[in-house]
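Chain order of the listed sequences is L, U, R and G.
Counting in this note's numbering, the first sequence runs without a single skipped number right up to 651 at its last residue.
Counting in this note's numbering, the second sequence runs without a single skipped number right up to 651 at its last residue.
Counting in this note's numbering, the third sequence runs without a single skipped number right up to 513 at its last residue.
Counting in this note's numbering, the fourth sequence runs without a single skipped number right up to 513 at its last residue.
Warning: the hint list may mix true and false statements.
What the hints assert, rightly or not - PhoX-like cross-link-like pairs, simulated, lysine-lysine; straight-line CA separation at most 25 angstroms:
1) R:Lys510 to R:Lys453
2) U:Lys315 to G:Lys219
3) U:Lys275 to U:Lys383
4) U:Lys184 to G:Lys453
5) G:Lys221 to U:Lys315
6) U:Lys591 to U:Lys508
7) U:Lys275 to U:Lys459
8) U:Lys383 to G:Lys105
9) U:Lys508 to G:Lys105
10) L:Lys275 to L:Lys459
11) R:Lys221 to R:Lys387
12) R:Lys453 to L:Lys635
13) U:Lys275 to G:Lys105
14) R:Lys105 to L:Lys315
15) U:Lys315 to U:Lys275
16) R:Lys387 to L:Lys635
17) U:Lys383 to U:Lys508
18) G:Lys387 to G:Lys221
19) L:Lys275 to R:Lys105
20) G:Lys238 to U:Lys315
21) L:Lys184 to R:Lys387
22) U:Lys591 to U:Lys616
23) G:Lys387 to U:Lys357
24) L:Lys315 to L:Lys383
25) G:Lys238 to G:Lys221
26) L:Lys315 to R:Lys221
27) R:Lys221 to R:Lys350
28) R:Lys238 to L:Lys315
29) L:Lys315 to R:Lys387
30) R:Lys387 to L:Lys357
31) U:Lys635 to G:Lys453
32) R:Lys387 to L:Lys578
33) U:Lys635 to G:Lys238
34) R:Lys105 to L:Lys383
35) L:Lys508 to R:Lys105
36) G:Lys453 to U:Lys315
Calculated directly from the structure, the hints in this document are not laboratory data.
Keep in mind the model is a prediction, meaning the values are calculated, not measured.
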Amino acid sequence: MTMNNTGRPTTPIHGKAKTENETVSGSRGLLQREDLIFEVGSPATTGVDLPAPKGRKTRLGGVERRTQTGLPGLSEPQAVRHYVRLSQRNYAIDLGLFPLGSCTMKHNPRLNEKLARLPGFADIHPMQPQATVQGALQLIDELATWLKTLTGMPAVAMSPKAGAHGELCGMMSIRAALIARGESDVRKRVLVPASAHGTNPATAIQCGFVVDEIEANPDGRVSMDQLREKLSEPSDIAGIMLTNPNTCGLFERDIKEIADLIHDAGGYFYCDGANFNAIVGRVRPGDLGIDAMHINLHKTFSTPHGGGGPGSGPTVLSEALAPFAPVPFIVKDADGLYHLVEEDRREAEHSFGRLCAFHGQMGMFVRAISYMLSHGADGLKQAAEDAVLNANYIQARMRSVMTAAFDGYCMHEALFSDAFVADGIETIDIAKALIDEGYHPMTMYFPLVVKGAMLVEPTETESKAELDRFCDALEQVARRAAAGDQSLKQAPYFAPMRRLDETQAARKPVLRWIPEAPPALAAE
Amino acid sequence: MTMNNTGRPTTPIHGKAKTENETVSGSRGLLQREDLIFEVGSPATTGVDLPAPKGRKTRLGGVERRTQTGLPGLSEPQAVRHYVRLSQRNYAIDLGLFPLGSCTMKHNPRLNEKLARLPGFADIHPMQPQATVQGALQLIDELATWLKTLTGMPAVAMSPKAGAHGELCGMMSIRAALIARGESDVRKRVLVPASAHGTNPATAIQCGFVVDEIEANPDGRVSMDQLREKLSEPSDIAGIMLTNPNTCGLFERDIKEIADLIHDAGGYFYCDGANFNAIVGRVRPGDLGIDAMHINLHKTFSTPHGGGGPGSGPTVLSEALAPFAPVPFIVKDADGLYHLVEEDRREAEHSFGRLCAFHGQMGMFVRAISYMLSHGADGLKQAAEDAVLNANYIQARMRSVMTAAFDGYCMHEALFSDAFVADGIETIDIAKALIDEGYHPMTMYFPLVVKGAMLVEPTETESKAELDRFCDALEQVARRAAAGDQSLKQAPYFAPMRRLDETQAARKPVLRWIPEAPPALAAE
Amino acid sequence: MRYLPLTPEDRAEMLRVIGAPSVDAFYEDVPRTARLGGKIDGLPDHQGELAVERHLSALAARNQAASAGPFFVGCGAYKHHVPATVDHIIQRSEFLTTYTPYQPEVAQGTLQTLFEFQTQVAALTAMDLANASMYDGSTACAEAAVMACRVTKRKKVVLSGGLHPHYAAATKTLCEAQGLDVVQLPAAIDGELELAGAADGETACVIGQSPNVFGTVTDLTPVSEAAHNQGALLVSVFTEAVSLGLVTPPGEMGADIAVGEGQSIGNPLTFGGPYVGLFAALQKLVRQMPGRLCGETVDADGARGFVLTLSTREQHIRRDKATSNICTNAGLCALAFTAHMTLLGEKGLAQLATLNHEAACDLADALEAIDGVEIVTPRFFNEFAFKTPMNAEAVLAMLAERGILGGVRASRLLPDAHMDDVIICAATECTTETDIAAFAGALKEIV
Amino acid sequence: MRYLPLTPEDRAEMLRVIGAPSVDAFYEDVPRTARLGGKIDGLPDHQGELAVERHLSALAARNQAASAGPFFVGCGAYKHHVPATVDHIIQRSEFLTTYTPYQPEVAQGTLQTLFEFQTQVAALTAMDLANASMYDGSTACAEAAVMACRVTKRKKVVLSGGLHPHYAAATKTLCEAQGLDVVQLPAAIDGELELAGAADGETACVIGQSPNVFGTVTDLTPVSEAAHNQGALLVSVFTEAVSLGLVTPPGEMGADIAVGEGQSIGNPLTFGGPYVGLFAALQKLVRQMPGRLCGETVDADGARGFVLTLSTREQHIRRDKATSNICTNAGLCALAFTAHMTLLGEKGLAQLATLNHEAACDLADALEAIDGVEIVTPRFFNEFAFKTPMNAEAVLAMLAERGILGGVRASRLLPDAHMDDVIICAATECTTETDIAAFAGALKEIV
Ligand SMILES: Cc1ncc(COP(=O)(O)O)c(C=O)c1O
Ligand SMILES: Cc1ncc(COP(=O)(O)O)c(C=O)c1O
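Input sequences plus hints: build the corresponding full structure.
Printed below as a string of structure tokens:
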């Protein structure tokens, strides 16, 4: 999820707190200094040993590289150190609670990593004869069955490469359905709540729709009055994009009515499933009137986030949208063999086409099915309940010191506003102070409907002891914020780096290494 | 190698430098607090899922466990965090230069880790039919060939599990040879230089010999005069245990004469091969008159040290000792198949017997042969030369600020004494100050023949840049030590922990966790 | 359940603190009729590691691994050797289990490697700068097309006849949804230069590929000149990143945007994903680029550090004004790419590229020697197309029966191109002389 | 060479700084006649990863992996499932590439896990305390014998007829070298209690095993009582650590020293090594224990920390007065053990042990049903011996031809025991009903 949605990058107070007793090496105890590879290595060396080329005449027809890359090659010992040293400057789930709201940063089982590396999965080519990859096709089919069963939806498109790509898949399907109805030119308006994740409006636009924003109620849910009003003249309605549980961490209690209203208006219901983790096994989106929903395997089903991906966003579709699903998809034949439908013709004549090359994020599929089989139907439900329980526990423990954005229980994440914070202190100061306490901050300034929002999602893989330790730390930071403790403004103090200057980075962008950056490379 | 050989454990100056601004969580930035598993988990929980037992009646005949272990089971997320957090409190080769003299802490290639995990190596049983493990037997035979070729020795015993175990193997062979000569009761005296590693005298004793210590010359080598003198009455001489290159990092230039003298005296020459890395490809121990030598695969041939093992100590033997080699060993039959000789009879009638169960450290063998094949004859020689070059570079750069123990070039490690250090400052203070600079200290107080010894072994896998960075830091620490900078006495300041109290640990040993340690469990 | 730390006692105590009777209370907003009682049926209960491992290992065993025999399949994904070090690095907890680096003070590991990645991609493509990765090559291509339309404020995109058909399809999908016109030139083995004539005053960009899907390498300089004369951009595509070590890179051919697939460097085949999309452009286009950008800055102590920057292009700040809807990208695959590239360096990559080319040349020699077989790719790097006297699908099936994976039939990618007798095959540093001999021998028998 | 960072320029510059003409100068002390010119011959030059991987993979492919088919081999090493987490942990750079924790300020990771390991081993064996590991079970057994002699100042060691023959051999080797007398009782499937009668006034210790090499479990209490009456110690041995979850542990039988093999928990078979020796003893014997000990203390700030302690027992301090010559032990295997044990906990271990026992019982039922086959182990945990009407070696060979690894013939371990018709076989949680059926079916055909 997103940081500092106000679009106001941080500028630290400079030079105020220079760490004293510097070392000669630039390292400090176990924290190792590590420069850029361009400063460590040279283009003349390499960290691989390859047989010498034979020097036979080429068949390149002269289409050869003329310039040098100048890229350094580090010996293996240097390369290993480079990355191991840098890795220790990262926070990670394996180090502690990672309460980024809307990101579902849960434990990533190593069994899944191991299985994804079996040669039978990692070393097969997407275009080799289908008879030689029947196991892979079966695995995708099994995963699809799990997803359809858990969501209660009849169809699923497996190729989307992340959540936002799944949104694209869903909205493209809606577009195709509207085309089939001959209404695509008129039905261009998509309703998107103000609380929606940035990818929702962005996706609508990518698919050629126009975005019409709906406000939230004081209780953090869609304003039904406004919704009815916006649907009063429905002829141009393409549909709605709604997150449920929503980005305030609340279940849209009127969701069925919303679905009915949208359908009556001739539109379709896209549900952003990023928060599916809260309800797995407790309710099926298919029972709520949803037409399309993406599932972030890298959230709900624990495929590692990897510092920014890869993800995987299979998208379930209703009967109404299923015919328009993208290619490829897998069909099981009478003889029990599987085959891929790769072209939008015949079996896929209504398909809106292809979203990307090949068949989706196989590596993530293996991890996700391994996670599902390990949990089973019982474990997945328990996981959802524990995720919600953990969030409510944090909300309950923090209520007295922080301002809960809304009354009542939350789902998988607890949302707070900065109302309790003294003037001059901001949400970001609380975030940076948490870093000193050994925690990754929660999601800040999102959702936009709450001022100075702090969205805390612990997930189910935290023990009570870890939750208490986190709450104790957060509580004390919150008290300091309420008291206007100015030392917060310079936090963090104990991280590998002090607060970074995002304003300068954006003003004169330096986006690649150059011996010394000529002004030419700073964007105008 | 060994620390603080003076046997005088460190006692820190207590409470002098309490780190201020504590956190609530006990973590500091990325450095996570982590308690003992017994404080984190409970015996009622487990981090594994196993099928439920059928509850069938047992065939244990009542020989059942009556007491509880009380051992906690951590859920997988808790367990992963426990170890990942703790790991970040370790220094490692992958983080930086690890100059422990006599330990040869070189880069551990990940290729070797990968290959050692192939099911064909990691998932085979030592007692399954030999027809089903021909590849494993061939690998051991290939490794043996490399070792024999590199050392110029006719035989090698593969089963020793570490260097000291290899010493046991060599000295047992010598003992067996003496028995065969009917002289084992008289020939009990083994000459061991004062500079020898502790395992040498300890091994001699373990094999029922008596240790007779020889001094070193002022130039750091065996005193030939004293050697001759000790051999003047040779009837009780069993042999000599000599390290070469020796623990002062010097080549014993009289080694051939030493060998001749020992042999003339009717004894055998055991060479401690821990420092073989310095001479691989430049000289073969077999050409120096050596009868037995262990090779630390976990030093010279890069199998990871793993925080204290496992190691592997194959021991090469001369013609004179070969017949007495331990079982098992591998024989290649006419038909090209391999078989194991497991009993000390027939083919092995003179064998001194068995050192341990099964066939040696297969996991280390795979890593070592992978390392050898990767380097090849050319690379191994280059590695030895670079190791020696790196050590001499450090010696040259430090000469002006530290006291080199001896004149002239060194081999793979540079030895310094504490002569340059101001009164009140000790070798250990220099060591701890290096920790603040981001380095693991060198070997301290060893070898014993040099006062306040500091033994620095960089190995060949360090770049010049890393060496310079280390020398810059060491130089400045050395200057502070020479100037008597008292702040050194409280170092380290930046490590995960301040200086630890070894005296208290030894005075009232607490060797296991107990809810609160009853005095009963502190050793009298 | 081994992944769930809460004990029954914990749950009870927590409910007490919350003041909730049971977890059901948290689900009261769920419409009654939609609440599920009990477990979802049709799905098994939880299983231990051993059971899960057995099931998935059995599925894996039903696939033929590339390393298991002679292997020549390419067309956008390539079998290369990845140093063991790379996999060790990407499995580091601190890289594997962290999020997009939104909090730079505790994400310098990810950020510095991204900065190095961007620099490597820019240098390899000979472009000014690159972003922090896209999903894969095909989606990068689609994003490049719509970006070109934003930049030029035009609506027409022209695709060469040698552009990977999946890339073309993904581009069409996105463009058409945005009301942009896509012109697809007819499939052609050596037709990239036809793009030169295809650009007109309405054209936002022409998209050419080298090496193209048939393996043909082409100097696109004439195309960029023609395009630029019309005020259009050249988007230069590659699917085999290793080729950049030997073949003329986009920046040397006047490309305005270079996109490609990075799988070949650092990443396994994995049946098509996850891969890593490379996206590079000219400096002047930076504010129209999609995806994340990592930039250099300083911290409060004045120390050099890195942050995500120019995010006013992105969905999380600009929402419906964003340049793209991408959020999660291909972080860990980008790390694998940069780690492998850091080991290779210029020297290693050049050598690797040469080995690939020589293997392909040896393969071509061996296949050419078979009568009836004709190499139809005029200039190539490590991949080329050849004609067989028989139907390609049948040939590949017979090869597969012999344990040889002989390539991709053109008809699978281009059903309408009437190329039923064309096979596209690739060779890499993993291809041995024995593999080549086996392929040629078997093919000889078959045709 | 990829592992060597120095460039030719570096080497030249460094020689200049040193003031040496060439590296040859450093080798001047080597006797002229022994100096090698050029490379050592008979050995190949360096190779790339791919080549090395191909060679070793080919060797690996010539071994039959335990997981590849029905597998029942035991006798001191056991096929168990190790959670993937364990391997991830031991591959952490900070654990894998560090040394023995001599500098505690930067080794708390290793030290705290050792402290936890020692506590786990003590609790599992029901002894007061344990050391930080030995090479393996057999060397731990040998060290226990000589330690008992030091403690009692006696010279006689008695070995049971059920002690693993490799353990017995290793113990004899070490004892005899030190002039100690070893009495080996005749091989016996159910003879552990005969140790009771074997202890006399000269006896330093009696060494018994449960489960023993034939799988027989025995309550050694009568043995410890008899030994103690004679002033001798009981050394209680086990080779299957998982049995400690179900079978009477050494501490409950009056053992003074408990030694065993820890491979079963956390460590793969790896053809016999590296494994991890477990060594536990009574508190009063601590100063006579071999090997490293980790103890709790505080740092200068008063914070709890851990250090290696009581090192005055060890070779690096006491040299020829040391209790043992061991230096490097089995650190990483001990880490694997403690990590796996931390996942299991008491609950998981008990369940695992029960599954092992039940699998063995099922196997026994299936084999007993075959006429001519007789189970000769009276009481067992997960391993037992059975008689076949044919020569055991032949039977095992025929089973192997059918892809079944059926166990170990007693005659391989005890050539003189006239047990040519005895096979020792084990079952674990990895043994499936199909495996058992396959074994029984094949055996039925054979005999
Ligand atoms: C609510 C919501 N919707 C959509 C997304 C986009 O998913 P992805 O990052 O996988 O594209 C996210 C992820 O941050 C999200 O939190
Ligand atoms: C000189 C010397 N000899 C022997 C040994 C013992 O080797 P190991 O620790 O493998 O038993 C060492 C290891 O530290 C050593 O440095």
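Cross-check of the supplied hints:
1. R:Lys510 to R:Lys453: holds (13 angstroms)
2. U:Lys315 to G:Lys219: Cα-Cα ~21 angstroms, so holds.
3. U:Lys275 to U:Lys383: Distance ~19 angstroms between Lys275 (chain U) and Lys383 (chain U) Cα, so the pair holds.
4. U:Lys184 to G:Lys453: Roughly 23 angstroms between the alpha carbons, so the hint for Lys184 (chain U) and Lys453 (chain G) holds.
5. G:Lys221 to U:Lys315: Answer holds: Lys221 (chain G) to Lys315 (chain U) is near 19 angstroms, not above 25 angstroms.
6. U:Lys591 to U:Lys508: holds (19 angstroms)
7. U:Lys275 to U:Lys459: holds (16 angstroms)
8. U:Lys383 to G:Lys105: holds (22 angstroms)
9. U:Lys508 to G:Lys105: Distance of about 7 angstroms is within 25 angstroms: holds.
10. L:Lys275 to L:Lys459: The given pair, whose Cα atoms are some 16 angstroms apart, holds under the 25 angstroms limit.
11. R:Lys221 to R:Lys387: holds (18 angstroms)
12. R:Lys453 to L:Lys635: violated (54 angstroms)
13. U:Lys275 to G:Lys105: Roughly 15 angstroms between the alpha carbons, so the hint for Lys275 (chain U) and Lys105 (chain G) holds.
14. R:Lys105 to L:Lys315: Not OK: Lys105 (chain R) and Lys315 (chain L) at ~40 angstroms, beyond 25 angstroms, violated.
15. U:Lys315 to U:Lys275: Distance of about 29 angstroms is beyond 25 angstroms: violated.
16. R:Lys387 to L:Lys635: holds (22 angstroms)
17. U:Lys383 to U:Lys508: holds (22 angstroms)
18. G:Lys387 to G:Lys221: Measuring from Cα to Cα gives roughly 18 angstroms; hence the hint holds.
19. L:Lys275 to R:Lys105: holds (15 angstroms)
20. G:Lys238 to U:Lys315: holds (20 angstroms)
21. L:Lys184 to R:Lys387: With a Cα-Cα distance of about 52 angstroms, the restraint between Lys184 (chain L) and Lys387 (chain R) is violated, given a limit of 25 angstroms.
22. U:Lys591 to U:Lys616: violated (30 angstroms)
23. G:Lys387 to U:Lys357: holds (22 angstroms)
24. L:Lys315 to L:Lys383: Distance ~23 angstroms between Lys315 (chain L) and Lys383 (chain L) Cα, so the pair holds.
25. G:Lys238 to G:Lys221: Status holds; Cα separation ~12 angstroms.
26. L:Lys315 to R:Lys221: holds (19 angstroms)
27. R:Lys221 to R:Lys350: holds (20 angstroms)
28. R:Lys238 to L:Lys315: With Cα atoms ~20 angstroms apart, Lys238 (chain R) and Lys315 (chain L) stay inside 25 angstroms; holds.
29. L:Lys315 to R:Lys387: holds (17 angstroms)
30. R:Lys387 to L:Lys357: Roughly 22 angstroms between the alpha carbons, so the hint for Lys387 (chain R) and Lys357 (chain L) holds.
31. U:Lys635 to G:Lys453: violated (54 angstroms)
32. R:Lys387 to L:Lys578: holds (22 angstroms)
33. U:Lys635 to G:Lys238: violated (36 angstroms)
34. R:Lys105 to L:Lys383: holds (22 angstroms)
35. L:Lys508 to R:Lys105: Since the Cα atoms of Lys508 (chain L) and Lys105 (chain R) sit roughly 7 angstroms apart, the hinted pair holds (cutoff 25 angstroms).
36. G:Lys453 to U:Lys315: Status violated; Cα separation ~48 angstroms.
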